[in-house]
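Please model the complete structure; the sequences and the hints are all you need to start from.
Protein sequence lines correspond, in order, to chains A and B.
For the first sequence, our numbering gives the first residue as 1, with consecutive numbering after it.
For the second sequence, our numbering gives the first residue as 1, with consecutive numbering after it.
These are calculated hints, taken from the structure and not from any lab test.
A virtual CB, placed ideally from N, CA and C, is assigned to each residue, including glycine.
Careful, some of the hints might be misleading.
Among chain A residues calculated to face chain B with C-beta under 7 angstroms, some are [claimed, not checked]: (1) Val28; (2) Leu30; (3) Arg45; (4) Ile47; (5) Thr50; (6) Ile52; (7) Ile55; (8) Gly56; (9) Leu59; (10) Ser60; (11) Leu62.
Just some of the chain A residues that point at chain B, by a computed CB distance under 10 angstroms [stated by the list, open to error]: (12) Ala10; (13) Thr12; (14) Gly26; (15) Leu29; (16) Leu46; (17) Val48; (18) Leu49; (19) Ala51; (20) Phe54; (21) Gly58; (22) Leu64; (23) Leu65; (24) Pro66; (25) Ile67.
In case you want the letters, here they are:
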Amino acid sequence: MTDPLTAIGATTASRQVLLLTCLLAGVVLLLAFLVPALGTALSARLIVLTAIAFIGSGLSYLSLLPIAAEQAA
Amino acid sequence: MPYPVVWQMDVAPSHMMCWRGPTGETMTPDISGGVDNFVTEMDRAVTGATLGTLALFVALWLVMTETMREGVIPGVRTTMLDILGPVFLTLMVGFVLFAAVIIIGPWGGIRLGGPEASPTYSYPAYFAMFFSAGIAAGIVFWAPSEVLFHLTSPPPFVAAEAGTAAVADGALRAVFFHWGVSAWAAYVAIGIPIGYYAYNRGAPLRVSTLLLPFVGNENLSHPLAKIVDVLAVFATIGGLSTSVGFVSNQFLSGVQYQWGAQTTGLDTFLLVAGLTVIFTVSAVTGVKRGIRRIAGVNAALFLAMALLTLLLGPTAYILTNGSAALVGYLVSFVQLSFAGLGGGSWFDSWTLFYWVWWFSWAPFAGLFLAAISRGRTLRTVAATGVFATAGATLAWFGIVSSTALQLQTSGTADILAVVNDGGYAVAGFPLFGSLPLGELLLFLFMALIITWIITSADTSTLTVAILTTEPSTAPGTGSRLFWGLLQGGVGFGIVILGAGQGLQSAAVITGGPFGLIGLVGIVGLAVELYRTDTDGQSIAASAFGGSDD
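This is how it looks when you write it as structure tokens:
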């Protein structure tokens, strides 16, 4: 049975790091919206960096995914 | 002269790149990568002239006083629009007619790449890529705000009191007119001739290829052709960098509005730098990987956001007002298209500006449309380029702009009060924030702001890299990195220097000629199609024998 990470193409350490970054940054950003007190406590710089980390890591992960992995899926 | 190869853009990194020769054979280039390769493959005339023009612009900007900055470039733009305004308005009508002729007429059956060619990308991917590349983040910036401009200052064809609900239909009709079929037709007018010459005539995939019927394939390295490509590169960089600047402001305005956090120049730098890294990575990984996949994510986010707004917003109002405005737009399309010929400040400051802005994006969007269209019939390209993309755009504006109108006119949310404090960049935040599940919508909205600019910037990076590389060569990693970083740098520069309006005006000035170049393109294509087809037969006979996708 294929493990979930392999199934989505996260077969290398760098891709797994990108996925983890996307997940963590996404959760922080979503919580900043859902819990206003948390969002207010964060500086603008931290919000910008979190947003860039969230979207950048996610989109970079997609960009770097080999075509073979997509075809296999 | 060596016969030019046609680059298919079907694989990204230079070492993996696959080209196709004029007869369709696969060619494996000997590219080892690196700076040496970037310099070797560079089209020095186009690259040098572009960098020189940019440097001259920056130098002039730094030397000029504030008064001169506010006077010279906008003055040139205004003069150009005053003199050529009627021409631009007429040209846009011509581009719409061209698209209609291709869709309805026999030429629509001609397949790019020959009768046996098959499309490189699935239709959803093809649509998502073109749609995402062609309109940029303006769609998220202006959907909540432009309609409010027209609400408070109604267009001349709306006979109702400013600020009242009676203006809503006409205000939305004006937005539809500016973002609808006409805008996309300009891209098609550039894209279809380039695609035809590149895939059916073996010409290089670049904007100057539009001159082929007049100068011949062997003269496309003529200085006149180089000037066309330099203008295309400058207009693309100017347009894209201005958009990066606008989006950065919109995003940071959102952060300030949502959490009351104060932003600094360093935050702007970090944001632009982050965006630059993302779109450069996407451009370097190429069409099949980065660009196609990110466009897919963007289209999915866009669809989710539109549907959620429709369901969570004033659904009945959206449907009734949107439908009325759509019918009004279609019925009055011809009248609106020619109404500006009579002059009037509203048409000068709105319609003409938009038309020339779309012209300035046309070389980049048109070239990209051509690049991804191999294997598709002209009819599919035109229908996708005009109806499918315009349909999606109008649906989005119908939903979001109607929501803004309803919230404002009913008193549910005072978006204009927020706009008066924070500028139009912030209009989307009070809009989505006042809907049920507003926090989730805002989260998606901010993500969408970024994905829209990424999907345009990665494509424009690739397009500029194509135009600044020798016609017989595909741009390598070094070229994509260079132009990606340069566009990000220019974007940051215009935010810091406050040169957004200046560069936008400059982009409009260089973009204006593409209305005329587009005319050259469609006239030349018509002559070419009448003259002969790829087998030397009558084009009409061949076209009737073609098939659609």
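So which hints don't hold here, by number, going up? 1, 5, 12 and 13
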